[in-house]
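Sequences are here, hints too, so could you generate the full structure?
Those sequence lines, one after another, are chains S and A. In the numbering used here, each residue carries its 1-based index in the first sequence increased by 299. In the numbering used here, each residue carries its 1-based index in the second sequence increased by 1163.
Just so you know, the hints here were simulated from the structure itself, not pulled from any lab data. All C-beta atoms in this analysis are idealised placements derived from N, C-alpha and C, irrespective of residue type, glycine included. A couple of the hints might just be wrong.
[What the hints assert, rightly or not] Chain A is nowhere near these chain S residues, computed Cβ spacing over 10 Å in every case:
id, residue
1, A327
2, K422
3, V476
4, S488
5, D500
[As the list claims (entries may be wrong)] If you anchor each label on the Cβ, the simulated ranges turn out as follows:
id, chain 1, residue 1, chain 2, residue 2, range
6, A, W1188, S, A563, 42 to 50 Å
7, S, E490, A, V1355, 20 to 28 Å
8, S, F419, A, Q1366, 38 to 46 Å
9, A, T1309, S, D536, 38 to 46 Å
10, S, N528, A, V1355, 12 to 20 Å
11, S, F401, A, I1437, 53 to 61 Å
12, A, G1422, S, V358, 39 to 47 Å
13, S, A563, A, A1395, 34 to 42 Å
14, A, M1269, S, G318, 35 to 43 Å
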Amino acid sequence: MVVMKMKFPFQKRVKLAQGLWLLSWCAAISGAITFSLGCILKTELRRRAEVMDNSDIHVVPNTLMIVGLASLGINYFASKICQDALDAGRFPRWKNMLKPYFAVSCFFTVLMLLAVIMSFAMKGSLESSLKVGLRNGIRFYKDTDTPGRCFQKQNIDRLQMDFHCCGNNDFRDWFEVQWISNRYLDFSSKEVKDRIKSNVDGRYLLDGVPFSCCNPSSPRPCIQFQLTNNSAHYNYDYQTEELNIYLRGCREALVHYYMGLMNAIGAGVLSVFLLQASVLVSLRFLQTSMEAVAGNENTEIETEGYLLEKPLKETIMEYIEPVMKFFLLTNQVEEGTPGAPAST
Amino acid sequence: MVLMSVKFDLKKRVKLAQTVWFMYWFAVMGGVLVFSMGLFFKIELRKRSELMDNNESHFLPNLLILMGLIACGINAFGGKICYDSLDPNKFVKWKSMLKSFLVLCMVLNSLLFITALLCFLTRIPLQFTLAEGLKNGMRYYKDTDTPGRCYMKRTLDLMQMEFRCCGNENYRDWFEIQWVSNRYLDFGAKEVKDRIGSNVDGQYLMDGVPFSCCNPSSPRPCIQNQMTNNTAHYSYDHYTEELNVWKRGCRDAMLSYYGGLMNTIGALVLLVTILEVAVTIGLQYVNSSLSTLANPEDPESESEGWILEKTVKETFTDIMATMKSMGKGTKVEEGGEAAVATVS
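Now the structure itself:
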């Protein structure tokens, strides 16, 4: 029982081939665009790689790049097949290649859809990666003399200035960490000794933030130290002061930025997926309608085109069987040969 | 005696016309490039218009935009003429106006060259504009409650962060003005009263800079207050401390940015001018080769092409003579009228 049968007179076949040729070139350009979108996303993720704990999120741009390249190849072959479809003499040479070609194309098209789904679904993974990365960045802010960490201060400062954010969840994260290096603390002064004694770990904690948290839109010069002490500054109430430092946390800012980027890219790639799927469906119709012409003297007869010869389940089993047989056969052969000498 | 004459047969004429037509397309793109560079420069000037005194002149970007549009139009027209020159019937209608068109092209080329020179020279007035504008900007830094000046603080802060500079000539400019608004000064405190009493104008001067002067590459948290007081900070010597705040002045930074921009634009305009001169010479060859056909009826006859019909000196004297005769023509008319008047 065939799936989606359609009649194809000669003129319709010609029109289908011509339209498909144009469509496949459009799809090839879209594939190139997908590849470049993947490159852009990867570049953006790598720019802030120091505040990410793991690179799980990189699977999205990697998949996009692979799918973009594959789509270029698939559509190039599709346009070649279209060109040959109009010439009944040249079409048969594609006969053997078409089955694996469709299998590979369907695989990559499904992969494209998966990439789109992942770009929406990986928010949680990105957020947890940023949480750990930012926490470490803030902890190692003061270690400007430790090899491997000496640029953390610069990275966190630039991040906070670029994304208009402060700290991990909010600016209070800076109160829980010693962000001033011991090299610049006078251990003989009373104030330093008091602060170090006031907590279990012997850290110099203060209710202050680095200068990169300052908001340039504030009408008054930036207050970064003694933030919670209203009497330390004239005409200042830290609970109502909104513009002094950035109130947003850097994790939220970064997640917002990257999810916006990935959502936009996902929407674009979804339209590319629809285009690619329509190319494959049309190519399948063209192939099946041309197959009926083969061997006939009159190439202008009316033929039937269909999508699938058997129902969907049977078609999938047909494709998976050779793969399963290959894996099972190798096992059976290995078991068989030691068994045979044993029995004799 | 003609200047740089070349013999042309039909094939060579056709090749010449095609080459010049092709070059005209590049010249059109060159015109578009000049237009877009003028637009870009205009936008860059407007972005920082608050930091330049009000007399900043938009003459140069306007000139670039105008020249770009004119060059586009003239080149498109010239391309059409070249295209028509391959067909003798179509070329006849252009023949009469070709000479004046070529003169127009030469005027355009000289204007483009002058524009390129202006691009290189525009650094000088820009220097004075920036010096004045930055000085005023810093004076109005604290006036975040005065209408018309309330965004000066934000503009200056963002500019100092983006261009990595501090103050006008260097960071000490901030020591000479009051950049903290009176709204945030406690006039009951002794320290404030001392500072205000210490100078003639009653300004609150301090040896501190705003947070936007801070350098994120510094290994220690930013020191913005009491910068010249070594004892106020542990392990600090303001003579040797290099990475704490940006050392460069904003006038230098912005001048080098705009100067670099203008040099690039000037170089590109110069290249476009060279291209324009080349296509003008090409069109002159097309014109002269088509007007000196050995046998006017036979399009395949040989002809000669040149840049100038007579030598440079003779052409120059010819032009002078034409202009003198035009001047004499009006005089003769006046003389004739006077003679008629006296007779009657």
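For this session: Quick one: which hint numbers does this structure break? Sort them smallest to largest.
Result: Hints 4, 6, 8, 9, 13, 14 contradicted; others consistent.
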